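A.B. asks: If you read the protein sequences in the order shown, they are chains A and B.
Residue numbering for the first sequence follows the numbering used here, beginning at 1 and increasing consecutively.
Residue numbering for the second sequence follows the numbering used here, beginning at 1 and increasing consecutively.
Don't read these hints as lab results, they were simulated from the structure.
Certain hints may be false.
[What the hints assert, rightly or not] Label-pair restraints from in silico Cβ distances:
| hint | chain 1 | residue 1 | chain 2 | residue 2 | range |
| --- | --- | --- | --- | --- | --- |
| 1 | A | A26 | B | S223 | 51 to 59 angstroms |
| 2 | B | K43 | A | G77 | 54 to 62 angstroms |
| 3 | B | E30 | A | E347 | 17 to 25 angstroms |
| 4 | B | G114 | A | A354 | 55 to 63 angstroms |
| 5 | B | F23 | A | L83 | 41 to 49 angstroms |
| 6 | A | D2 | B | S223 | 33 to 41 angstroms |
| 7 | B | T56 | A | I96 | 55 to 63 angstroms |
| 8 | B | G42 | A | S359 | 49 to 57 angstroms |
It should be emphasised that the depicted structure is a prediction, and the values quoted were computed from it without experimental measurement.
Just so you know, even glycine gets a beta-carbon here, dropped at the ideal spot from N, CA and C.
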Amino acid sequence: MDLLEYQGKQIFAEHGVPVPEGKHAATPEEARAAAESLGFPVVVKAQVQTGGRGKAGGIKIAADADEAEAHAKAILGMEIRGLTVHELWIERASEIAAEYYAALVFDRGAKKPLVMLSSMGGMDVEEIAAKHPDAIARLHIDPLVGFLPFHGRRLAFESDIDSDVIRPTGDLLARLYDVFARRDSMLVEVNPLIVTDDRQVKALDAKVSIDDNALWRQPEVRDMRDLSAEDPQERMAKELGVTYVKLDGDIGILGNGAGLVMSTLDVVAQAGGKPANFLDVGGGARAEEIVTALEVLLSDPKVKAVLFNIFGGITRCDEVARGILQALDQIEVRVPIVVRLDGTNDEEGRGILAEANRSELHPAETMLQAADMVVEMAG
Amino acid sequence: MAILVDESTKLVVQGLTGREGSFHGLRNKEYGTDLVAGVTPGKGGQDVEGVPVFDTVRGAVDDTGANTSMVFVPPPLAADAIYEAAEAGIATIICITEGIPAHDMLRLYNHLLGTGIRLIGPNCPGVLSPGKANVGIIPAHFFSEGGVGLVSRSGTLTYQIGNELAQLGVGNSTIVGIGGDPIVGSSFIDIIGQFEQDDQTELVVMVGEIGGDEEEKTADFISENVTKPVVAYIAGFTAPPGKRMGHAGAIISGSSGTAQAKADALEAKGVPVGRNPTEVAQIAAERMTAKAR
Chain A
1 MDLLEYQGKQ IFAEHGVPVP EGKHAATPEE ARAAAESLGF PVVVKAQVQT GGRGKAGGIK
61 IAADADEAEA HAKAILGMEI RGLTVHELWI ERASEIAAEY YAALVFDRGA KKPLVMLSSM
121 GGMDVEEIAA KHPDAIARLH IDPLVGFLPF HGRRLAFESD IDSDVIRPTG DLLARLYDVF
181 ARRDSMLVEV NPLIVTDDRQ VKALDAKVSI DDNALWRQPE VRDMRDLSAE DPQERMAKEL
241 GVTYVKLDGD IGILGNGAGL VMSTLDVVAQ AGGKPANFLD VGGGARAEEI VTALEVLLSD
301 PKVKAVLFNI FGGITRCDEV ARGILQALDQ IEVRVPIVVR LDGTNDEEGR GILAEANRSE
361 LHPAETMLQA ADMVVEMAG
Chain B
1 MAILVDESTK LVVQGLTGRE GSFHGLRNKE YGTDLVAGVT PGKGGQDVEG VPVFDTVRGA
61 VDDTGANTSM VFVPPPLAAD AIYEAAEAGI ATIICITEGI PAHDMLRLYN HLLGTGIRLI
121 GPNCPGVLSP GKANVGIIPA HFFSEGGVGL VSRSGTLTYQ IGNELAQLGV GNSTIVGIGG
181 DPIVGSSFID IIGQFEQDDQ TELVVMVGEI GGDEEEKTAD FISENVTKPV VAYIAGFTAP
241 PGKRMGHAGA IISGSSGTAQ AKADALEAKG VPVGRNPTEV AQIAAERMTA KAR
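Taking the hints into account, I'd like the entire structure generated from these sequences.
C.D. replies: Right, dumping it as C-alpha cells:
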C-alpha cells in the first residue's frame with residue numbers, strides 16, 4: 001500500500017524524523033485557513049500517488065492567503081497522470097540550502113534492507129544513478145542487528161554531504177530505518193532531503209510503501225487507505241477476494257493461480273490479442289467466486305471476449321464447470337467465453353459443459369488453442 | 001535419489017488440526033509420505049486419523065524422529081512456527097502459508113543463514129518427489145518418476161508444465177515450488193545446485209516470472225556451475241510496470257525485472273527459453289530423448 005506524501009510525513013513525525021510543519025486541506029477554504037495558521041510563504045501540494053506533481057503544476061508557492069486559496073482552487077480537481085487531486089497538503093515553505101536524497105529499500109536480491117544516501121537530491125534517483133553512479137552511497141543493514149550509529153556516519157561521510165550536517169543526517173537515517181522496520185515498509189524514500197538555511201536537515205517529501213501482508217498489525221496505516229484513489233474494478237475485486245489488475249486490451253482473462261494467469265496473458269498476446277486484465281480466482285471453483293470474477297471482468301465495457309483458463313490441481317474441473325454454469329444462470333453474459341479446462345477431472349468438466357450446450361461457451365482443449373480461439377472471437 | 005523429500009522423510013505438519021493442514025497432510029500420507037506427527041499448541045495428545053498431535057515441535061521430534069516440517073499455520077503466526085521448527089532441529093522446513101509479512105521473512109531468512117536448515121517457501125505449493133514422497137499441495141497424480149528436475153516460483157503453472165511433460169512421456173525427479181514472495185527461503189540457485197548433485201536428475205526445467213533479479217543471477221550460476229542441461233520458462237511478458245500480478249514478488253519496478261530481460265540473460269548463457277508452457281515441455285522432452293539415444 002502506497003501512502004500519500006502527507007500520510008508518510010505523519011508517520012515520519014511519529015518516529016522523530018524532522019518534517020516541515022503542514023496541514024491537510026480538501027477545499028480552498030480549508031487551504032486558506034491552514035495557510036493562515038502556518039504563516040507565509042506556504043507551499044500548496046497536490047496529494048496524489050504519482051511523481052511529476054511539480055511539473056504538472058500540482059505544487060505552488062503562495063505568499064498570502066488569497067494566493068493560497070487560488071492555488072488550492074486550481075489544483076483541486078486537477079488531473080495528474082490520470083489521477084484526480086482530491087486532497088492538498090499545505091506546508092510552511094522551507095529555505096533550501098542543499099538538496100540530498102535518502103532511501104531505504106527492501107533488497108530482494110541481497111535479502112537485506114539497503115540504505116542509500118546521495119548529496120545530489122531533487123532529481124529522479126534513476127537520473128542520479130545514470131549520471132553520477134558514484135554519488136550514491138549504499139549500505140546493506142543486517143535486519144537482526146538493526147541500524148547502528150556507524151551506518152549513519154559511514155553513509156554520511158561517503159556521500160560527500162556538507163560536513164556540518166553529517167551528525168543530524170546520520171541521526172535522521174536511523175529514524176527512517178525505524179520507520180522502515182517498525183512500519184513494515186517495502187520502501188521509504190525522501191527526495192529531497194533538505195538542509196535549511198539555518199542548517200537543519202528535514203524530509204521535504206515522503207514516499208512510503210507498506211507491505212499489504214502486514215496491514216493487520218499496522219491498523220493506523222490501514223485506516224489511511226484511500227479507496228477513491230483505487231481503480232473501481234480493482235477495488236471491487238479486492239473486496240470480493242479475487243486478484244484483479246486492469247490492463248488496456250479487449251480480451252478478458254481469468255484463471256487459477258498467479259503464474260498461470262500471467263502465462264495466459266502472454267499466450268494471448270503471442271496469438272495477436274490484447275489482454276484486458278489479469279484476474280486470478282485462486283483455488284476457487286465455487287459458483288460465487290466465479291460469479292464475482294465474471295462480474296468484475298465484464299464491468300469493463302471494452303471486453304469483447306473472455307478466456308477462462310483453468311488447470312485443475314487441487315481444484316477439480318467438474319466443480320469449475322458446475323460453477324461456470326451456475327454463474328451463467330445468475331448474470332447476463334453478452335460476450336463469448338472460451339473455456340479451457342485441463343487437469344483433475346477435466347473430462348468430466350468438459351462433459352458437463354458440453355451437455356449444458358450454452359451458446360456463449362466455447363470449449364478448448366489446450367491453452368494455445370484457447371488463445372487462438374479467443375483472439376479470433378474478439379476480432 | 002531425488003532432492004529434499006524422499007523415502008527417508010519423516011514429516012511433521014505444523015497446523016495438522018486445521019482444515020487445510022489435515023486435508024493436505026492426510027493426502028500426503030495417502031501418497032506414501034511418512035507422516036509421523038502433527039503440532040498444534042494446546043492439542044497435544046489428540047490425533048488426526050491416527051497421526052499423533054504434539055503441543056510443540058520439540059515434543060514431536062523427540063517422540064517420532066521427525067526431520068521435515070510442513071507449515072500450514074496462519075500468516076501472523078507462521079514465522080514463529082518456522083523459528084520453532086528450526087530450534088527443534090528440523091532440517092527441511094516447507095512453508096505453504098501465503099501472506100506472511102515481508103519483514104518477518106527478512107529476519108527469518110537472515111536468522112537461518114549459515115545454520116544449514118533448508119527452508120522452502122513460503123507461499124509455495126511444496127515439494128514432490130514422484131514415487132517417494134509428497135510434502136505440500138502439489139497434485140501428485142500428474143507426475144511420474146523420471147529424470148527432469150522442475151523448479152518454479154508458481155503453483156498451477158508448474159502443474160501445467162509438469163502435465164505437458166507427462167503427456168510427452170517425461171517424468172520428474174523432484175518438483176520444487178520455491179514460492180512467489182519477495183523473500184523466500186530457497187532460491188533457484190539453491191535448488192538447481194541440488195539438482196546438479198542429484199543422480200536421478202538429468203535435466204532441469206526452471207519456471208520463473210517477472211520481478212527481482214533472481215533469474216538473471218541464476219543464469220550466471222548455471223553457466224559457471226551446472227553441467228546438466230537447463231530449460232527455462234518465464235511468465236509475465238505482457239505485465240505492465242508497477243502492477244502486482246498476484247504474487248507479491250511479481251511486480252516490475254524500474255527497468256529491471258522484466259520477462260524479456262530475464263529471457264535474454266538466460267539465453268545469453270545458453271539456457272533455451274520456451275515461449276509458452278507447451279514449447280518448454282517440448283524442448284525438455286526433445287533433449288531428454290536425445291540424451292537417451
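A.B. asks: If a hint holds in the structure, say so; if it doesn't, say that too.
C.D. replies: Consistency of the hints with the structure:
1. A:A26 / B:S223: 51 to 59 angstroms: 57 angstroms, holds
2. B:K43 / A:G77: 54 to 62 angstroms: 58 angstroms, holds
3. B:E30 / A:E347: 17 to 25 angstroms: Roughly 23 angstroms apart at Cβ, these two residues keep to the hinted range, so it holds.
4. B:G114 / A:A354: 55 to 63 angstroms: About 57 angstroms separates the Cβ atoms of G114 of chain B and A354 of chain A, which means 55 to 63 angstroms holds.
5. B:F23 / A:L83: 41 to 49 angstroms: 44 angstroms, holds
6. A:D2 / B:S223: 33 to 41 angstroms: The hinted range 33 to 41 angstroms holds for D2 of chain A and S223 of chain B, with Cβ atoms some 38 angstroms apart.
7. B:T56 / A:I96: 55 to 63 angstroms: 58 angstroms, holds
8. B:G42 / A:S359: 49 to 57 angstroms: 55 angstroms Cβ-Cβ, so the 49 to 57 angstroms window holds.
Every hint, counting from the list given before, is met by this structure.
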